[in-house]
Structures are given as C-alpha cells and as structure tokens.
Amino acid sequence: MQIREYIIRRVMILPLILVGTSLIVFTLGRVGGNPIAIYLEHEMTPDEVAQIEERYGLNDSLPEQYFAWAGGVLRGDLGYSGVLAAPVMDVLPKRLAATLELSVASAIVAVSLGIALGTFAGARRNRLPDHLTRVFAISGAATPIFWFAIVLLIIFWVNLGWFPVGRSEPEIFESISHPTGVYTLDALLAGSFTAFRDAIWHLILPAVTLGYGATAIITRMMRSSLAEELNEDYVDAARAKGLPERLVLRRHARRNALIPTVTVIGLGFGFLLQGSVVVEIIFIWPGMGRWMADAVLRGDQATIMAYVLFTSILFLVVNLVVDVVYAYLDRRVVLGS
Amino acid sequence: MVEAAARRPPASSPSGPLAIRVRRFGEITKEVLRNPTTTIGLVIIASLLLMALMAPIITEANTPDAYQMPRDWGAINEPPGTPGHLLGTTSTGGDVLYGVVWGARTSLRLSVIVVGITMVVGTIMGSIAGFIGGKVDEIIMRLVDVLLAIPELIFALAIAAVLGPSFGNIIFALTVVFWVKYARIIRGQIIHVKHNEYVDSARVIGDSKLNIYRKDVLPNSVTPVVVQATLDMGNIVLVAATLSFIGLAEAGLAEWGVLVSEGQAGISAGRWWASTIPGAMVFLWALAFNLFGDGLRDVLDPRTEGR
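Just so you know, the sequences run in chain order G and L.
Residues in the first sequence are numbered consecutively from 0, following numbering that gives the first Met the number 0.
Residues in the second sequence are numbered consecutively from 0, following numbering that gives the first Met the number 0.
Among these hints, one or two may not hold up.
Partial pick of chain L residues on the chain G-facing surface, computed with a CB cut under 8 Å [as the list claims (entries may be wrong)]:
{"hint": "1", "residue": "62"}
{"hint": "2", "residue": "144"}
{"hint": "3", "residue": "246"}
{"hint": "4", "residue": "250"}
{"hint": "5", "residue": "259"}
{"hint": "6", "residue": "271"}
Just so you have them, the derived chain G footprint on chain L, three or more residues with Cβ under 8 Å [to be verified]:
{"hint": "7", "segment": "146-156"}
{"hint": "8", "segment": "236-242"}
{"hint": "9", "segment": "276-287"}
None of these hints come from the bench; they were simulated from the model.
The structure presented is a predicted model; accordingly, all values stated were derived computationally and were not measured.
Quick reminder that beta carbons are idealized off the backbone N, C-alpha and C, glycines included.
Please construct the entire structure, taking both the sequences and the accompanying hints into account.
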C-alpha cells in the first residue's frame with residue numbers, strides 16, 4: 000500500500016520537474032548569443048536573416064516562443080542540429096545507440112568489478128586490502144576522466160599497441176548492415192565474428208575508462224554495507240550453525256549488502272552520462288557526448304538544448320526506477336520523507 | 000571551521016566556553032590526524048597551497064598577465080629535464096612547470112570563489128526554506144529538485160557553453176550548479192534541529208526567532224556544510240578542469256585542464272608530459288580534498304562511518 004502511494008506521488012511530481020527542467024533548458028537557449036547564429040552564412044542578406052528569424056519565431060514574445068518550442072518537443076521536433084546539419088531527431092537514434100553501447104559495457108565493468116572488490120575489502124576490514132580499496136574508492140571520485148583516458152591511451156595504444164581508438168575499422172564496419180546501431184549487436188545479428196571482434200576490441204579501453212568512476216562508487220558502498228551486515232546477529236547465527244565463512248559471506252551477508260548498493264546505481268549512472276562526453280572526445284566515439292562537445296564549441300543551441308533535456312529525462316527516470324526498486328527490496332525504508 | 004562545529008548546545012561548564020572550544024578543537028585535530036589517509040590528504044593540500052601561494056617565487060611571473068602561459072618559441076616540445084624547462088614544454092613553447100605552479104594558483108582562486116559564494120547562497124536559501132517553511136519552503140525546494148534533476152557536469156557545461164568560452168563563465172556556471180547541495184543540507188539540518196528541546200527552551204524563555212537561529216540552529220547545522228565545502232574544494236577544480244579540457248576556457252590560460260587539452264595532440268608522437276603532468280595535478284588536488292573531507296566527516300559526524 001505504502002509503496003504504491005509512494006510511486007504514485009513520485010510519478011505525479013515528475014511532470015512538474017519536467018516542466019521546470021524544460022523552462023531551464025529554454026532559458027539556456029535564450030540567454031547566450033543568437034540562437035540561430037549557427038544557421039547563418041556570411042553571404043546572407045539582412046532580408047534572408049530576417050526570414051530565418053521569422054521562421055524560428057524569434058519575433059514572438061518569450062512565452063509564445065517557449066510554448067512553440069515545448070509543443071515541438073512533445074511532437075518529437077527537437078530542432079535542427081547545426082553541427083551535424085540534420086534534424087536532431089534524425090541523428091539522435093544512431094548517436095544514442097553508440098553511447099548506450101559504451102555505457103552498458105561500462106556498467107558491466109563497474110557492477111561486476113565493484114561488487115567483487117567491495118566484497119573482498121568488506122570481508123577484510125581494517126586490513127591492508129581494505130585500506131587499499133578505500134584509497135581506490137576515493138581516488139575514483141577524484142580522478143579526472145580526461146587524464147585517466149589519456150594515461151590509458153599512452154600505455155595501451157601508443158606504447159603497447161594493444162587497443163585501437165575510434166569505434167571500428169571502417170571497412171569491417173561497412174561490411175555488415177546496422178539495423179540496431181549497436182555495433183556488437185549488429186555484428187552478432189549478421190553472424191560476423193570478425194565484426195564482433197572488431198567491436199569488442201574498440202570497446203574495451205573506453206568502457207574501462209568510463210566505468211572507472213562508477214566502479215569506485217559501487218566498491219565503496221558495497222564495502223561499507225557488507226562490513227555492516229557482517230556485524231548483524233543473523234551472520235553470527237549462520238556461523239554458529241557451522242556454515243563455512245565463504246558461504247556465510249556469499250549466501251547471507253552479501254545478499255543483504257547488495258540492497259543498499261542499489262541506491263548508488265543512480266549516482267553511477269550519472270557518472271556514466273557525464274563521463275561519456277569526455278570519453279567520447281578522447282576515444283573518437285561517435286555518440287551523444289561527442290556530439291554535445293562539438294555543439295558546445297560551435298554554439299549549436301538546438302543540440303545543446305536537446306542534449307540537456309534528453310539526459311535530464313533519462314537521469315530522472317533512472318533515479319525514479321532505482322528508488323522504487325530500493326523501496327521494494329528494503330521494506331524498512333521510510334518512504335517519501 | 001572546526002571551531003564552529005565545536006559549538007555544542009549551550010552547556011554550563013566551570014571552565015567557560017572559550018576553554019571548551021579550544022579543548023574540543025584539540026580533540027578534533029588529534030582525532031583527524033589519527034587516520035593516516037586523512038593526514039596524507041592534509042599534507043598534499045598543504046603542499047599544493049604552498050605552491051599556489053609561492054608561485055611568483057618558484058617561477059618568474061609572466062607579464063602582463065601572470066595567469067597566461069609564457070611562450071618560449073625557441074623551445075617547443077622539449078622533454079622534461081631540459082635546462083630551464085624542468086617539466087618540459089608544450090607544442091606552443093609553454094613551460095609545463097609554469098603551468099603546473101600557476102595552475103595551482105588558478106585552482107585555488109577558482110575553488111575559493113565558487114565554494115565561498117555557493118556556501119553563502121546555499122545557506123541563505125536553505126535557511127529561508129527551513130525556517131520560514133510553508134509556501135516559501137515549497138517553492139525553494141521545488142527549484143532545488145529541478146536543478147538537481149540535471150546532471151552537474153552537463154548543466155555546468157551547457158551554461159558555460161551558451162555564455163561563450165571564458166574562464167569567468169566557467170566560474171559562473173559552477174556557482175549556479177553547486178549552491179543547491181548546501182541549501183538542501185542546511186534546510187534538512189534546520190528542520191531536524193528545530194524540534195530539539197534546547198530550541199524549545201530558548202523559545203520559552205523568550206528568545207527572538209533570529210536569535211534562536213543565530214545561536215542555536217546555525218551552529219548546529221555547520222558540521223555537514225563544512226564537510227561538503229571541503230569535498231567541493233576538490234570537486235569544483237575537477238569539474239572546472241573538465242570544462243576547460245573540453246574547450247570552454249581561453250586558450251593559453253595557465254590552468255591544468257587547458258594544458259591537458261593542449262598536450263593531448265602530442266601523445267601519439269610520444270610526448271606524454273604536456274598532458275599527463277597537469278592532469279596528475281588535477282587528480283592530486285581532488286584526491287587530497289576528498290581524503291581530507293572524508294576523514295573530517297568520520298570525526299565530525301559519528302553517525303556515518305567510513306573507516
């Protein structure tokens with residue numbers, strides 16, 4: 000009962016926050032410079048410029064402009080991307096697929112590594128592995144991702160030559176069709192082992208780079224919540240009945256320690272979203288982040304607005320889902336306070 | 000800052016409030032220093048601050064603007080260890096050591112400005128929301144919710160982008176993004192503290208609302224703010240360096256992110272120093288404040304334990 004009320008309340012607030020976010024995004028598009036500057040050419044006459052202004056409704060009042068823009072967004076019209084010279088909605092799916100592929104790979108790295116490391120450290124409290132893990136976890140939040148990426152590139156690309164940059168070998172990429180836009184998936188669908196290997200090969204280094212911060216967060220949370228669980232009575236009971244320590248850890252303590260760890264997944268997802276901008280710049284990855292970075296440098300306001308709006312919605316939804324899942328998993332949580 | 004945290008609810012003691020504060024400060028310092036990782040953080044912070052303050056002594060300040068990289072066009076892409084360029088030079092003849100040292104000064108200026116402003120703005124907004132409550136609270140907290148809905152870095156990136164590339168705009172963008180957390184912390188603390196008995200008793204003996212706020216509520220809300228501010232001293236430099244790496248600061252600025260961005264092109268040719276050394280500085284800076292802030296939280300707020 001409570002959970003249902005909680006979900007309903009959270010979902011009811013969502014539109015309010017979305018309207019607020021859209022107002023901020025709209026303001027962003029109007030405070031800095033000319034919103035249509037990127038569409039203008041040097042040779043245009045003042046008349047032509049005026050025509051473009053008219054077409055984009057720049058002569059209307061601000062509220063009218065907002066509603067025109069918001070109405071367009073609701074109909075799936077996010078404007079025209081100056082840097083890619085195409086409507087935002089036309090290029091978004093492909094770009095999103097590339098970013099999603101990278102993010103999911105990073106998430107796999109972060110979740111598996113984070114839980115393993117956190118368990119390892121939490122079970123060895125105040126011993127050397129624990130201290131090392133603590134330093135790792137804190138340094139994860141302090142590591143500039145652009146620096147980490149460059150260090151990895153210098154080691155594994157420049158010096159060892161183990162991994163390439165970019166998303167693919169162009170010839171191999173062209174040799175298969177791309178129905179989903181997710182390269183690994185498309186390679187599997189096409190049944191091409193060469194393409195699949197190519198995809199994974201290009202994915203490893205950026206995924207590890209991007210996953211690093213989230214790994215640290217998960218490790219840290221897992222470590223402290225496991226250490227806490229190990230102090231609980233039920234753990235003593237399990238030990239008392241003679242269960243080997245390994246099984247106490249795996250069957251009892253770790254399972255419960257995973258519950259609070261769910262809460263940081265939202266935070267970790269934010270890390271991935273934000274990190275993808277930098278990782279995609281450095282690894283020449285044709286996703287949303289790189290698109291945003293190009294847009295930022297060239298003042299492409301339609302793309303900036305679309306990107307901020309889109310990522311915020313994604314971020315909000317993920318956080319909502321995480322909170323609800325957590326509420327289900329742990330009934331002790333006091334909801335909505 | 001620790002002194003403020005030491006102000007506990009009014010307690011009567013024969014030795015007087017000042018002596019209590021001094022003793023409490025000593026206790027906290029001792030406890031903070033007992034944790035080796037916290038101490039390491041503190042030592043790194045001290046060295047970085049020293050470097051920032053002594054920048055004009057360590058290197059000869061560039062004229063007219065010391066925050067602009069000096070260019071030595073006769074020494075391009077020199078590796079570390081070159082006489083006169085201890086840490087090497089960039090592809091435009093910028094001395095990496097100069098960038099590292101003055102970058103520390105840039106970071107110090109940046110983080111003090113942003114943390115200072117956001118802490119004050121956040122505290123005011125959070126206090127208004129928590130203390131007045133009702134509709135005002137509702138409006139402020141909804142604004143906070145909306146601002147928190149946009150990922151930090153992306154929001155700052157977008158603001159700095161629409162305002163145009165300049166380090167001043169990066170500072171402004173960070174200020175807009177970072178005050179929110181303080182408002183949230185302060186409001187939560189106020190609501191929590193407001194219901195304590197000693198606040199009730201102060202009200203009963205006829206203290207004015209403002210007095211209760213100043214003497215009882217605020218001092219008790221300071222601890223988490225101090226911890227957050229310490230962490231932010233590191234995070235802000237990290238985010239700002241990321242923005243300037245992406246290209247939102249002026250080229251040629253003696254700032255770590257700008258240097259990494261400039262040096263990035265040279266890595267395939269084996270010139271690792273121009274990007275990795277300044278990047279390592281960002282890491283050190285953020286790490287030190289995170290280690291220290293983390294340790295400070297353990298000591299000041301016994302409810303959370305992270306050791």
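Cross-check of the supplied hints:
1. 62: Violated, about 30 Å.
2. 144: Holds - the Cβ of residue 144/L comes within 8 Å of chain G, reaching about 6 Å at its closest.
3. 246: holds (5 Å)
4. 250: violated (12 Å)
5. 259: With Cβ-Cβ at 6 Å, under 8 Å, it holds.
6. 271: This interface hint holds because 5 Å falls under the 8 Å limit.
7. 146-156: The restraint on the segment 146-156 of chain L holds, since 9 of its residues have a Cβ under 8 Å from chain G and three suffice.
8. 236-242: holds (count 3)
9. 276-287: This one holds; 6 residues, not fewer than the three required, reach chain G with a Cβ under 8 Å.
Hint compliance for this structure: hints 1 and 4 are not met, and every other hint is.
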